[in-house]
Amino acid sequence: DRSKLKRKVVQSLIDHTYYNYSLVNVYEELSRRSSQGQYKNPNRKGLTTNFPAKLHKILSNPEFRHIIRWMPHGRSWIVVDKDLMAKTVCKLYWNHESYESFNRSLNGWGFKVRIQRSSP
Numbered sequence: 083d084r085s086k087l088k089r090k091v092v093q094s095l096i097d098h099t100y101y102n103y104s105l106v107n108v109y110e111e112l113s114r115r116s117s118q119g120q121y122k123n124p125n126r127k128g129l130t131t132n133f134p135a136k137l138h139k140i141l142s143n144p145e146f147r148h149i150i151r152w153m154p155h156g157r158s159w160i161v162v163d164k165d166l167m168a169k170t171v172c173k174l175y176w177n178h179e180s181y182e183s184f185n186r187s188l189n190g191w192g193f194k195v196r197i198q199r200s201s202p
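Counting from 83, one number per residue, gives the positions in the sequence shown under the numbering used here.
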């Protein structure tokens, strides 16, 4: 009998406030976090930069705007040239030339791919 079941209401502790991260200066943020002791790996000197941090650094670099860039609204980004992405950016930041490997890393970190099809 469902009427006898008591439902427990759980209040969410997650802050869902929107923040436009496209305006964050990745170099200043990494420097700030480094000075606070975050992102330190005791086995390595300097910063340990994970995949999302590297991706943000790439997206914030104007040299790569013809390859990968933020969308105008700043909430997503687009790879303009997959071949150049693999041959230049992936080689520079991840020591491989495979767009498929880059795509697997995106999937592994929980990024969602949205394909926008152009109108006929």
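Keep in mind the hints are simulated off the structure, nothing from the lab. Glycine included, every Cβ here is placed at the ideal spot set by N, Cα and C. A couple of the hints might just be wrong.
[As the list claims (entries may be wrong)] Derived BS3-like pairs: lysine-lysine, alpha-carbon spacing no greater than 30 angstroms straight-line:
(1) K173 with K136
(2) K136 with K164
(3) K194 with K136
(4) K194 with K164
(5) K164 with K139
(6) K136 with K169
[Unchecked claim] Now the in silico label distances, taken between C-beta atoms and shown as ranges:
(7) A135 with V195: 15 to 21 angstroms
(8) N189 with N143: 19 to 25 angstroms
(9) P154 with N107: 17 to 23 angstroms
(10) S180 with T99: 26 to 32 angstroms
(11) Y100 with K169: 32 to 38 angstroms
(12) H148 with W176: 16 to 22 angstroms
(13) N107 with K194: 32 to 38 angstroms
(14) V195 with T170: 30 to 36 angstroms
(15) K164 with W191: 25 to 31 angstroms
**Asked** CB of P154 to CB of N107, is that within 17 to 23 angstroms?
**Response** For N107 against P154, whose Cβ atoms are near 19 angstroms apart, the range 17 to 23 angstroms holds.
**Prompt:** Taking only the CA atoms, is the gap from K164 to K139 under or equal to 30 angstroms?
**Reply:** Holds. K164 to K139 sits at ~18 angstroms (cutoff 30 angstroms).
**Request:** Given the range 16 to 22 angstroms, decide if the beta-carbon distance of H148 to W176 lies inside it.
**Result:** Holds - the Cβ-Cβ distance for H148 and W176, about 19 angstroms, lies within 16 to 22 angstroms.
**Asked** Lying within 15 to 21 angstroms: is that true of the beta-carbon distance A135 to V195?
**Response** Given a distance of about 20 angstroms, which is inside 15 to 21 angstroms, the answer is holds.
**Prompt:** Holds or violated: are the alpha carbons of K136 and K169 at most 30 angstroms from each other?
**Reply:** OK: K136 and K169 at ~16 angstroms, within 30 angstroms.
**Request:** State, for the Cβ atoms of V195 and T170, whether the hinted interval 30 to 36 angstroms holds or is violated.
**Result:** violated (21 angstroms)
**Given pair status - K136, K173, alpha carbons within 30 angstroms** = Holds, because 13 angstroms separates the two Cα atoms, which is no more than 30 angstroms.
**Asked** Is 19 to 25 angstroms a correct range for the gap between the Cβ atoms of N189 and N143?
**Response** holds (23 angstroms)
**Prompt:** Given a hinted range of 25 to 31 angstroms, is it respected by the beta-carbon distance of K164 and W191?
**Reply:** Because 18 angstroms falls outside the window, the suggested range is violated.
**Asked** Has the hinted range 32 to 38 angstroms been met by the Cβ atoms of N107 and K194?
**Response** Violated - the Cβ-Cβ distance for N107 and K194, about 25 angstroms, lies outside 32 to 38 angstroms.
**Message:** For a C-alpha distance cap of 30 angstroms, please report whether K194 and K164 respect it.
**Reply:** Holds. K194 to K164 sits at ~17 angstroms (cutoff 30 angstroms).
**Message:** If I claimed the Cβ atoms of S180 and T99 lie 26 to 32 angstroms apart, would that claim hold in this structure?
**Reply:** violated (37 angstroms)
When held up to the earlier numbered hints, the structure conflicts with 10, 13, 14, 15 and fits the remainder.
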